[in-house]
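**Q** Go by the hints and put chain B onto chain A.
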Amino acid sequence: MDRSLFRITPSGASGLIFAALAFTVLPAIAGSYWMSVLTSAACFTMAASGVAFMYARLGMVSLTQVGLMGIGGWVALRLNYLFDFPFEVNLILAALATMVFGWILALPALRMRGLYLALVTLMAAGGLEILFSTFQFPNGGVGFWGVKIGSTDPFRGPMLAQTPEAFLRYVIGMTTLGFLLIEAHRRTAPGRAWALIRKSEAAAMAAGVNVTLYKTWAFGIAGLLAGASGALLAASLGLLDDGTFRSPESILLFALAVVGGSRYWLGPVIAAFLYRILPALLNTWGVNADLAYVIFGIGLLHALITAPNGIAGQIFEAAQALTTKPRGQK
Amino acid sequence: MNLKKGLMALIAMGVMAIAGQASAAVTCGDTTGQAATGAPIVIGGIYADGAPGDWSSSTDAAAAYFACVNANGGINGRPIDYRVENDQWAPEAAAQAAAKLVNDDKAVALVGNGSFIEMAVNAKTYKDAGIMVMASACAISECFESSNIVSTNEGPLPSDLGAALYAQENLGAKNIACIGLNIPDNGVWSCQAVIDMMTKRGGTGSMALLNPGAPDVNSALLEAVASGADTILMNLPAGLAIAVLKAAQEQNLRDSYNWIAPTPLYDLSVPAAIGDYWDGKVYVQAELAPVSVNGPDAQNWLAVMDAYGKKDDPRDTFSQGGYLSAQFFTKAALAMDPKDLDDRAKVTAAIKGISGYKSDLMCGPYYVGDADFHMPNHAGYIVKITKGGFEVVQTCTEYDSDYFARHIEVEKKLGLR
Chain A
1 MDRSLFRITP SGASGLIFAA LAFTVLPAIA GSYWMSVLTS AACFTMAASG
51 VAFMYARLGM VSLTQVGLMG IGGWVALRLN YLFDFPFEVN LILAALATMV
101 FGWILALPAL RMRGLYLALV TLMAAGGLEI LFSTFQFPNG GVGFWGVKIG
151 STDPFRGPML AQTPEAFLRY VIGMTTLGFL LIEAHRRTAP GRAWALIRKS
201 EAAAMAAGVN VTLYKTWAFG IAGLLAGASG ALLAASLGLL DDGTFRSPES
251 ILLFALAVVG GSRYWLGPVI AAFLYRILPA LLNTWGVNAD LAYVIFGIGL
301 LHALITAPNG IAGQIFEAAQ ALTTKPRGQK
Chain B
1001 MNLKKGLMAL IAMGVMAIAG QASAAVTCGD TTGQAATGAP IVIGGIYADG
1051 APGDWSSSTD AAAAYFACVN ANGGINGRPI DYRVENDQWA PEAAAQAAAK
1101 LVNDDKAVAL VGNGSFIEMA VNAKTYKDAG IMVMASACAI SECFESSNIV
1151 STNEGPLPSD LGAALYAQEN LGAKNIACIG LNIPDNGVWS CQAVIDMMTK
1201 RGGTGSMALL NPGAPDVNSA LLEAVASGAD TILMNLPAGL AIAVLKAAQE
1251 QNLRDSYNWI APTPLYDLSV PAAIGDYWDG KVYVQAELAP VSVNGPDAQN
1301 WLAVMDAYGK KDDPRDTFSQ GGYLSAQFFT KAALAMDPKD LDDRAKVTAA
1351 IKGISGYKSD LMCGPYYVGD ADFHMPNHAG YIVKITKGGF EVVQTCTEYD
1401 SDYFARHIEV EKKLGLR
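Just so you know, the protein sequences line up as chains A and B, in that order. Heads up: the first sequence begins at 1 in the working numbering, then just goes up one per residue. Heads up: the second sequence begins at 1001 in the working numbering, then just goes up one per residue.
Isolated chain A, as found in the complex:
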């Protein structure tokens, strides 16, 4: 019963309440500027959840997540100009295509661990960066790359979300679904297999776990989430630019996921806050947004030295300490 797919844990309940509040309150109170910032942050929360989940469940470091977002965005743009599909179809196809790309990336990388796996994914991010900067993103042209000379053609957003408020709700809803997908996996056979693999690959193999399948599956989920977030980012802007998907951004997103706390739902939210909302706050206060990088560095040192579970871990541990009665107290 404890392993029931639908059991609500305190952490899960807090996450669902947070998502519900974000869904209802944020679009109602945010001005247009913050709506735009929050939409970006919600997209990157989804992408960060993928990289955080891989690190937390399997100990695998993927430094290509933002590059994978670019793949999802590219596919969504290409489909938008190629067919008259509704946005939702393009979103699903972009997520699935990126999942397949994640699988392809995973297969040669599976023999690697730790630093070597990280380096392989970083090289993949570098390769994607070159592809994006060379061929650019589809803008309504013909041919495989779909790039035409001159102005960008219009992009069809979701029919259900034609206003910035509705689109922010849409992205928050999709991001919540992404978290639920990860949690559903964690509570079923893949989650048990990942837990065993994380402890010992040899033990997992001895127990009959198909290590290759489950590690590839994890890469696929991270790719699926990155692809969906890239498609949502494309819909929010109507176009994409190669500068958004450079390889240092993937490193930064992973580092911030560690700072945020990869084991908790709150970790990717904190990562996206640091990645997109903090620079916007600094801008609003008239401070150079590059100061955010200094804060990121301090945050990473803090996580490495004193908070192995990240800021989210510290928050949840503090909450647990507050709610747990001391021994002997009735």
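Each hint should be verified, as a subset may be incorrect.
To be verified - Using C-beta positions, here's what the derived DEER-type ranges look like:
#	chain 1	residue 1	chain 2	residue 2	range
1	A	Leu110	B	Asp1104	44 to 50 Å
2	A	Arg113	B	Gly1239	32 to 38 Å
3	A	Phe135	B	Thr1031	50 to 56 Å
4	B	Thr1031	A	Leu300	43 to 49 Å
5	B	Lys1106	A	Arg111	55 to 61 Å
6	B	Asp1104	A	Ile149	43 to 49 Å
Simulated from the structure, these hints should not be mistaken for lab results. Where a beta carbon is used, it is the ideal one built from N, C-alpha and C, also for glycine.
**A** Positioned in the frame of chain A, the structure of chain B alone reads:
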């Protein structure tokens, strides 16, 4: 003692006379000499500052002009609250900048915009919000092919065509290599127009494209050289074009090619930056009148920048563009009923109604009109970089291209031709 007092009085009178001349030299709005004190009118502006360059010259100049207007009666007594945002060359930041200015700050118009990206991201936002953007440093096609954006500068397509046509007609160019940024609506768009023009005229052309995030000018220069070109067109922001010239100087390529550039290289600091090596060897298309043309508006632009701008604000084409956009907006706003100045729809209508505004900085009249495309400025000068300055080698010239046919048609309808 009396002699000393008299001398002091004479000096004081002299200083006052000089001050009077200086203030008379600057003309802004109503030029009342009285600071505006009414309720502010919110005007926005978006610039780009980040890798690979600072593109804030136009908003700097617009800010200087509006400061001058505010010190001289404002818009019928109301000062302009000019708010600028940086798009950081990033689509997300560009969308956020427009969201803030258009929706949160409730700007009634945007003036002086200069960017490589914000117009592509925000053209629909501007149209949906019914706000007009009087841009000044447009670098992408969306800027000239949108209903709610109009610019005082020409953009890379006419500027490149002007430089290339001059080279073809006067320097014997037969094969032009265009070094541009790999941006479909900027470098590729304008370089392709040059290649098409050269092909149509019996010549040929090619493009060498740079990654805007990590521009390698040496590679692009080598690619241009390898193309077999006789002329190299540096279709780049000033900083990158200077880097190309430095790389070419290191390889002593000056005399092997014609060197041409669009308007970004028309910056008063450029001749000193590239040095004597390039004396008389680089031809630049200037989208607005060079300083040496020295008309009253050109003098006023420099006077406004000296009096109200920062010392290190560039004195370049985009600064002229920002000054002009701010001046044209002010003129249109001054003609409005003051109580309508907070009504965006009426301000937009007033801007769309602009027709036949003239300045000696522009070759032709400035107009806006109600169309899905705008390019009131599509003629320019050619200057040659000389020791310490620029020499005009071709005055106002219109460029032969089918691209301008629809603009000419509009101008005929407005009675401007």
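**Q** Compare the structure with each hint and give your call.
**A** Hint by hint, here is what the structure shows:
1. At about 48 Å, the beta-carbon gap between leucine 110 of chain A and aspartate 1104 of chain B stays in the expected band of 44 to 50 Å.
2. In this structure the supplied range 32 to 38 Å is violated for arginine 113 of chain A paired with glycine 1239 of chain B, their Cβ-Cβ distance being about 44 Å.
3. For phenylalanine 135 of chain A and threonine 1031 of chain B, the hinted distance range of 50 to 56 Å is satisfied, since their beta carbons lie about 53 Å from each other.
4. Between threonine 1031 of chain B and leucine 300 of chain A the beta carbons are some 57 Å apart, a value that contradicts the proposed interval 43 to 49 Å.
5. The supplied range of 55 to 61 Å is met by lysine 1106 of chain B and arginine 111 of chain A, whose beta-carbon atoms lie about 58 Å from each other.
6. In this structure the hint that aspartate 1104 of chain B and isoleucine 149 of chain A lie 43 to 49 Å apart at CB is violated, the actual value being about 35 Å.
Violated hints for the displayed structure, listed by number in ascending order: 2, 4, 6.
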